[in-house]
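Could you build all of it, start to finish, from the sequences and the hints given here?
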Amino acid sequence: MSKPLRAIDWGSIAPLRLRARALADGVYAGAHRSFRRGPGVEFGGHREYVPGDDLRWLDHRALLRHDKLLVREFETETDRGLRIIVDASASMAFRGDKAPASKFAFAALLAAALARIALASGDPVGLEWVGGASVRPLPAMSGREAFERVVGALETAATGGDLRLDATALDQAFGAIARRAKRGTIVVLLSDLIDLPDEALDRFAALGLGGRVLLAVQILDPDELLFPFQGTVRLRALEGGAVVETDADTTRERYLAKLADIADEWSKKLTHHGGQFVRASTADDPAEIVRRAVSAVAGRFTHGVDE
Amino acid sequence: MTFAYAAALAVALLVAAPFVAHLLQRRRADERDFPPARLVPPSQPVARRRRHIDDRALYAVRTAAVLALALLGATPFVRCSSLALGRDGGASFALAIVLDDSLSMLTEVDQETRWDRAVRAASELVEGARDGDAVGVVLAGAPPRIALAPTTDLAAARGIIGSLSPSHRATDLEGALQLAQSLVHGLPQKDRRMVLLSDLADGRSDGSPLGESSEVPLWIPLAELAEPSANCAVLRADRQRDRATVRVACFPAGESRGRAIEVSAGDKVVGRASMPDVAGGIDVGVELASATGDLIARLTGKDAIRADDAAPVLATTGELTIAIVADPAGARLVTGGAPPVEQALAALELDIRLRPIPLLPDRPEDLAGYAGMVIEDPPGFTPEGRRSLAAWTDRGGVVLLALGPHAPLAPLGANFEPLVPGAIAWGPSPSAGLDDKASVLFGSAAAGLLDFRPRGRATIDLSALGNAEVSARWKDGAPWLIERPLGRGFVFVLTVPTSPEESDMALRPAFLMLLDRMVNATRTRNGAYRITVGEAWAFEGAKSLEVIGPEKNKLRVAEEPTRKVVIPDRIGIYEIALDHDKLTRVVAASEKEVDGRPRRVSPSTRSSSLGDTRARVDLSPYLAIVLLALLVGELALRLRARRTLPLETERAAPAPAP
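Protein sequence lines, in the order shown, are assigned to chains S and H. Anchor point for the first sequence: position 235 equals 235 in the working numbering, and the numbering is continuous, going up by one each time. Anchor point for the second sequence: position 433 equals 433 in the working numbering, and the numbering is continuous, going up by one each time.
I should point out that these hints are in silico values taken from the structure, not numbers from a laboratory. Hints are not guaranteed to be accurate.
Said to hold, decoys possible - Under 7 Å between C-beta atoms, here's a sample of chain H residues computed to sit facing chain S: (1) Glu31; (2) Asp33; (3) Phe34; (4) Pro35; (5) Pro36; (6) Ala37; (7) Arg38; (8) Leu39; (9) Val40; (10) Pro41; (11) Pro42; (12) Ser43.
What the hints assert, rightly or not - From the derived model, a few chain S residues whose C-beta atoms are all more than 10 Å from chain H: (13) Arg19; (14) Asp59; (15) Ala140; (16) Ala178; (17) Arg183; (18) Lys258; (19) Asp264; (20) Lys268.
Given the structure is predicted, the values throughout are model-derived calculations rather than measurements. Glycine residues also receive a C-beta, built at the ideal position from the N, C-alpha and C atoms.
Here it is as structure tokens:
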């Protein structure tokens, strides 16, 4: 059964373009350097050798001086693409009483901000969708107009679709990245991770096998994080058609435990595949979330775990 | 049904309101979008579980409250099928309720007996009485009795009516109405009324209509009780050797068709005869085969009243047996036939059995079968005869001794003890006729004795008689009739014989009255072996008396100065402990009571101005009390729910994380 399309509740996040630009500028502070480190022209530091490293970057002087196998790292300026996957399914249209905007609006703001930071570094940015309506995937691109095109795609999108009933929902986004994204590409998933198909985590983790860097940002509404209801409530899911009547006071703890289990499962799986997991509330400061996202990806490269 | 009545009752439709409210309350749970709803475990909310338990009680209370409210609104128009007197003004009433407690009232109507319906109606009448009304109750079972003298204490009237029970008596409606009329006649209340609650079956269906000439208005409600009923009854059964004579009665004709009389000893049927298809009473002979033990005669089949379908078969005659001891040669008439005293007793039709015997039996056991004895001109008694007479009279025997010319001719060793101690002389009467005081005994019949001239009379030494009383005297003061108790028995001593050879006394009305007086004394002294229900057993001189009824209940004994009286009101066998003797007596149904045809009544007795069976009854006070009780009940339930809420919430809350 098709779900009704919902207009985006931008709340206090609109206008997206200005908010994203200000956010990105505040986070990046004019640094036009790529997140990635690896083979490049500018020395970026040492790290211990691990089997499989390219022997060309073995620092022989350090070996003679310290009797340790160290690998030289360089900051690179090439092939540092950012591919953003935005969940536009029906559940992302939810906005609770205490939230400044819907989950999709918050995801769009993060996506635009990350895109601007990447573009400012000269990295190409691509946009993929999971679910949604009137959505336009964007191939990786750079340049002045890329940010406008990303923002334009985000602003014209509408939420819709039921990922729990649509088995092919992941194919378009994840398939495109698996086919086209090169090694070293940063893949960011912005979703509530609630109604994704059961195989979503495995398929997303599989994208990291090609030397790509994974980051999943779980975006939840404050109501979803706190379950602030009291007494008897009837809760209707926006996807899957579930309707549950429950006594909120007695079932709150069990709900929060299940929600924590989902986050824990994603976090463990992504960590195992060299990825990162960040949880965000739409009530949080988006700048802080963007910082945590950038730090997560930068830390990943700092540690040199590049698969 | 008026519009207001219908509108008030329409409020009862709101009985569905609590249920609808309950459904609305159930749907009041917040429903909202919540994307991770599938992660929320469903549960039956605590509040709703609690509401489930209490809601049922609350729902019942509220439903009842709505119904009570609807009825409360409609009560001024509610008509209850209840008897109530018609009151033209506001004056108080003097009301005499005549309740028929006869056997025919045991007939069932609409799964309740006529008696129960009548008692219920009497209760309704008392409930409808107001302060200042006087209520009396008369029972119409024969003989009529006053159950409650008129009183303004309505609570007492309710108590008396509630304690009444039906009997197997015959019906005496006219007597009961006369009694009821006398009850209310002298009361200060201006409005007086009699209410007859009866099936009107008094065995006189062709009698004059009831209420026709009554001074006090008579109201006869409950016309449904007067439906004719079909009934057969066994009135009495007597056994003579291998044959039983069973008296049965049936009304109407045809009721006995296909039915039979079975005589059984225990479970064994020892005789059977088909019922003749006739209406009324009839004697049916039943041949008995090897019958031993106590026999019961029963009617097969069913009819309106089961209580009268069986009667014990008496081995000895159930009637009062009186022996006539007379010399056949001297007492007989010239024209032939029985002695005049025997013929006179038979002519009185007193339901007695006469046994002429030539000589006084010498053995006491030979006298046991007789309740009374008439001894005509005996020449004294032998010692053996005297002992027998003494023992017999001591147990209640009644004897009428008519002294005659043979009195002074007693042989050696013979005298008239214990009946008349002392010497007895015989000679011509110096005066003719009795004195005026005889009228006290015989009434107008005493006039026939004023010129009574016998050939001779006996003279008795009164000083030897002790407690004897001279009931009638000759004009010269000599005793004509002497009465004296002897043991539990009684002795009448007449100083002239009944033989027409000596006098014409047997032809005078006063002689019949004397015999009737003697038979009545016999009945009261002995307690007749079989009486009709409603008649009394009176035991003169009895020191102790205990009567056990057919239902093994002990009957109340009325203590009178010289006797004890018991009035049985149920048919069946009674066990009597009289002094040191054990007696068995039988109470039989009245033949009149079997006739179920109702007595005619005057049309005025059915007038709706006297009363109404569809009177308005204001139930408002009772319904208001019920409504208040329901509201209190709801408050209690709510308080209980409030007290239990914290406990249940605490129980339902998850344990804190360690």
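Evaluated hints:
A hinted interface residue such as H/Glu31 counts as satisfied when its beta carbon comes closer than 7 Å to some beta carbon of chain S; here the least separation is about 4 Å, so the hint holds. This hint holds: H/Asp33 has a C-beta 6 Å from the nearest C-beta of chain S, less than the 7 Å allowed. The beta carbon of H/Phe34 comes within 4 Å of a beta carbon in chain S, closer than 7 Å, and the hint placing it at the interface holds. Here the hint on H/Pro35 is kept, as its CB sits about 4 Å from the closest CB of chain S, short of 7 Å.
Interface hint status for H/Pro36: upheld, as the beta-carbon distance to the closest one in chain S is roughly 5 Å, under 7 Å. A hinted interface residue such as H/Ala37 counts as satisfied when its beta carbon comes closer than 7 Å to some beta carbon of chain S; here the least separation is about 4 Å, so the hint holds. With its C-beta approaching chain S no nearer than about 4 Å, H/Arg38 sits inside the 7 Å limit, and its interface hint holds. With its C-beta approaching chain S no nearer than about 4 Å, H/Leu39 sits inside the 7 Å limit, and its interface hint holds.
The interface hint given for H/Val40 is met, as the beta carbon of that residue sits about 5 Å from the closest beta carbon of chain S, less than 7 Å. A hinted interface residue such as H/Pro41 counts as satisfied when its beta carbon comes closer than 7 Å to some beta carbon of chain S; here the least separation is about 5 Å, so the hint holds. For H/Pro42, the interface hint holds, since its Cβ comes within 7 Å of a Cβ in chain S; the closest pair sits about 5 Å apart. Of the supplied interface hints, the one on H/Ser43 holds, with its beta-carbon coming within about 5 Å of a beta-carbon of chain S, less than 7 Å.
With 10 Å as the threshold on Cβ separation, the claim that S/Arg19 sits away from chain H holds: the shortest Cβ distance comes to roughly 24 Å. No Cβ of chain H approaches the Cβ of S/Asp59 within 10 Å, the least distance being about 50 Å, so the stated non-interface status holds. Against chain H, the non-interface label of S/Ala140 holds: every CB pair exceeds 10 Å, the least being about 30 Å. No beta-carbon of chain H is positioned within 10 Å of the beta-carbon of S/Ala178; the least distance is around 27 Å.
The Cβ of S/Arg183 sits about 35 Å from the closest Cβ of chain H, beyond the 10 Å cut-off, so the non-interface label holds. For S/Lys258, the non-interface assignment is contradicted: its Cβ lies about 4 Å from the closest Cβ of chain H, within the 10 Å cut-off. The beta carbon of S/Asp264 is kept farther than 10 Å from every beta carbon of chain H, the shortest such distance being approximately 14 Å. The non-interface label for S/Lys268 is consistent with chain H: the shortest C-beta to C-beta separation is roughly 18 Å, beyond 10 Å.
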